[in-house]
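Engineer: Here's the letter readout for the chains.
Number of protein chains: 2
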Amino acid sequence: MSGIADVAQRAGVSKATASRALSGSGYVSEKTRARVLAAARELGYVPSTSAVSLATGRTNNIGVIMPYTNRWFFAEVLEGIQAALLERGLDLTLYIAEPGTEGRRRIFEDFLARKRFDGLIAVGLEPEDHEIEKLTAIGRPIVGVVSAGPHAGVVALDEAGAARRATEHLIALDHRAIAFVGGGAGTHYVSVDLARLAGYRQAMAEAGLEQSIRHVPSPDSLPGGYEAAVDILADSRSRPTAIIASCDEVAAGAIIASRRLGIHVPAALSVVGIDDHEYAEMFSLTTMRQVPRDQGARAVEMITAQIADPDREPEKVTLQARMVMRSSTSAVDPARAASAADAARGR
Amino acid sequence: MSGIADVAQRAGVSKATASRALSGSGYVSEKTRARVLAAARELGYVPSTSAVSLATGRTNNIGVIMPYTNRWFFAEVLEGIQAALLERGLDLTLYIAEPGTEGRRRIFEDFLARKRFDGLIAVGLEPEDHEIEKLTAIGRPIVGVVSAGPHAGVVALDEAGAARRATEHLIALDHRAIAFVGGGAGTHYVSVDLARLAGYRQAMAEAGLEQSIRHVPSPDSLPGGYEAAVDILADSRSRPTAIIASCDEVAAGAIIASRRLGIHVPAALSVVGIDDHEYAEMFSLTTMRQVPRDQGARAVEMITAQIADPDREPEKVTLQARMVMRSSTSAVDPARAASAADAARGR
Chain X
1 MSGIADVAQR AGVSKATASR ALSGSGYVSE KTRARVLAAA RELGYVPSTS AVSLATGRTN
61 NIGVIMPYTN RWFFAEVLEG IQAALLERGL DLTLYIAEPG TEGRRRIFED FLARKRFDGL
121 IAVGLEPEDH EIEKLTAIGR PIVGVVSAGP HAGVVALDEA GAARRATEHL IALDHRAIAF
181 VGGGAGTHYV SVDLARLAGY RQAMAEAGLE QSIRHVPSPD SLPGGYEAAV DILADSRSRP
241 TAIIASCDEV AAGAIIASRR LGIHVPAALS VVGIDDHEYA EMFSLTTMRQ VPRDQGARAV
301 EMITAQIADP DREPEKVTLQ ARMVMRSSTS AVDPARAASA ADAARGR
Chain W
1 MSGIADVAQR AGVSKATASR ALSGSGYVSE KTRARVLAAA RELGYVPSTS AVSLATGRTN
61 NIGVIMPYTN RWFFAEVLEG IQAALLERGL DLTLYIAEPG TEGRRRIFED FLARKRFDGL
121 IAVGLEPEDH EIEKLTAIGR PIVGVVSAGP HAGVVALDEA GAARRATEHL IALDHRAIAF
181 VGGGAGTHYV SVDLARLAGY RQAMAEAGLE QSIRHVPSPD SLPGGYEAAV DILADSRSRP
241 TAIIASCDEV AAGAIIASRR LGIHVPAALS VVGIDDHEYA EMFSLTTMRQ VPRDQGARAV
301 EMITAQIADP DREPEKVTLQ ARMVMRSSTS AVDPARAASA ADAARGR
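Residue numbers (this note's numbering), protein chains in the order written: chain X, 1 to 347; chain W, 1 to 347.
Careful: at least some of the hints might be erroneous.
As the list makes no split between identical chains, a pair holds if one copy fits it or if it spans any two.
Calculated lysine-lysine pairs in the DSBU-like style (CA-CA distance at most 35 Å, straight line) [what the hints assert, rightly or not]:
#1 15 to 316
#2 115 to 15
#3 31 to 134
#4 115 to 134
No lab work stands behind these hints, which were simulated from the structure alone.
Can you build the whole structure from these sequences, using the hints too?
Structural biologist: Dropping the structure here:
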C-alpha cells in the first residue's frame, strides 16, 4: 500500500507539503494541492483518518444515539440519517441506549466522553437529568429528533396536533364514543404518547365530549393493540364506535382483533392511526402521515450546519402530519352511536 | 478540560511516560501505570482517540455493514452486535448498504477504504464480485452473519434444515397439498429464501410429493404474505391444506388473509413459519425459532478473536433452528386433503 512518502515523491513535494494538501490544514497553493491529490488518486492512497483527525480536529463522523433500532420509527429515522451522511462523506457511529440498561449507562459514562464525533443526533432519547449533564459536558453540537437535548436543535412532529386532527375527523363523522388505545403501558417513547393523548383529550373537550374520554393503555405494538382491542370490543354494551390508536401498529392490531370478533371495520367500528407505517395500506387504514426518513435527513442538515458554524442559533423545526384517507373510518350509525355512548358513560 | 500534561504532572511522570501508560503501548511499570490511570481518573481526563489510534494502530471500532436496518432480522442482529461491543468498550460504525443504491456504491468505493475500524461484520450482505474485491483490499478481518464474505468467519442458520423440518412436521400431520409462500419476488435476502425453498423441496421430494411442490412468490413481509395468500386461498378447489412461509411475517399475513376469507386456522389451513418473530405468539404461530441477537453477539466474539490473532483460522458456525409448537398447525381432514391435493395437481 502507498504511504504519504510515495505520494510526496510522485507529486515532487515534501512530505509536510503533501500532508498539508491532503488534510486541508495549513497553506498550500491550489496548483500544488491539485498535484498532490492527483498523485494520491493515482497511487490509491487513502490517508490515515487518525492522522487527519489529529491535524484537523475533525472526525468527519456523526454520533447517533437512540433507545432502539428494532422499531419502525427508529429504523426509518436511522436510514434517513445514514443516507444523508453518505451523501456528505460522513461516517455514522451508532449508540443504542435502551432505557434502564447497563449498556445505556456505559454509553453515557464512557462512550460519549470519547467524543469520536463532530456532532451528535439524539433520536427519541428522553434523557434523564444526570444524562443531560453528560451530554452538555461533551461540548459538541447536538440535534434532537422527537425530543430536545441540551442546547440542541430539534426536528419534531406536532404530535398533539396529529392526534387532535384525527380525533376531529372522527367527531365530524358523528362519533362520540371514541377511545384512545395505546401508550401508557410503561413502554418506550413516553413523551410522544402523552402528546398524542393530550391532542385527543383536547379535541374531545372542545367538542363537549369530556365525559366520553377513554384511554386504554397498551404497548405501542401490533400485539399490544390486538390485546387491548379484544378487551374493549368484547362487551357490545361498552364498545366504542371509533378508536384512535397511538400509532399504526396499534391500529393494525385493533383491526385484526375486530376481524376475529366479527366486528366490521368501518361499518361497526372506525379506526384511525398515526404514522403511515408500511402496514397502513394493507389494513386500508386512515392515518396521520409522518415521514421519519425525512426527519433523519433534516437532522443531518441541522447538525452539519451547527458544526460548520458553532455560533449559529439552534433551530426547532415542527412538522405537521398529513391525513391519508383510506377506508377504515366512516360515519356512525346514529342509533348505535347513542347507545354505545350511553353505555360508555355507565347509564 | 485536562490534557495529558496535567495528568503527567499530577502523576509525577513525563508526558511520554503518561502517554505510554494511557495508550497501553510501550513499557511502563505496573506501579507507574496505576499512578497515571489514577491521576487521569481524578482529572476526568479522556484521551484523544485519534492520538491513541495513531499510537496503537487500533481504532477500537468495529464496522457493521448490512443492506437494511428496518427489518426485524437486521435490527435484532444489530442490537445483539451493539450490546456485545458495549461490553467490550468498542465503538460501532454503521454502513447501511441497500443493494443497487448510490449509497452502497459510495460505501464500497470510499467509506470502507478509510479503514476506520479494526474489523468488519457483514450481515446478509451478499456482495457482488467487484464488492468482494473491495472487501479483500481492506485487509481487515471480516466476519459474516448469514452469508460469507472473503476470508471470513461466518455465523449462519441452517436455513434449508429449518424449512425441511417445518415441512416434515406438516407431512407428519398428513398434509400433502403444502405450498411454500414467500421469496423470489425480487426482494432482499435472496440466498436465504433459496435455501429455505430448497429445504421445502427436499422434504417434499423425500416424501414422494414432488408433484405437489408449489412455490408462491411474494415479498418477505406481512403485506406480501397477505396478498399472496388471498390469491391462493380464494379458489377452494386449488387451495392447499397447509402453508410453509418463507418467514413469520409472511405467515402472519397468510393468517390474516385466512381470517378475512373465513378459513379457520388450523382446522382448514395449517400455517408454519420460520424465525419466531415478535408477532409469532400473537398469531399462535408454530415456527422454527432463530435468535438473531445471539448471532450478532457470536459475530462480535469471532471478530474480536480474529483481531487479537490475525493468523487464527476463520470459523464457520452453523446454528440449528428449534421448533416452537403453538396452535397454527393440526392434522389434516383426510377427505379434504385428498381433494385439495388432487385439485393442486390439476386433476
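Engineer: One pair to classify: residue 15 and residue 316, alpha carbons no more than 35 Å apart. Within, between, both, or neither?
Structural biologist: neither (45 Å within a copy, 44 Å between copies)
Engineer: At most 35 Å between CA atoms: does that hold for residue 31 and residue 134 within a copy, between copies, both, or neither?
Structural biologist: Result: close only across copies, 31 Å inter versus 45 Å intra.
Engineer: State whether the alpha carbon distance between residue 115 and residue 15 is at most 35 Å within one copy, between copies, both, or neither.
Structural biologist: both (29 Å within a copy, 22 Å between copies)
Engineer: When no copy is named, should residue 115 and residue 134 be tagged within, between, both, or neither for a Cα gap of at most 35 Å?
Structural biologist: For residue 115 and residue 134, both the intra-copy (12 Å) and inter-copy (29 Å) Cα distances are at most 35 Å.
Comparing the model with each earlier hint shows a violation of hint 1 alone; every other hint is respected.
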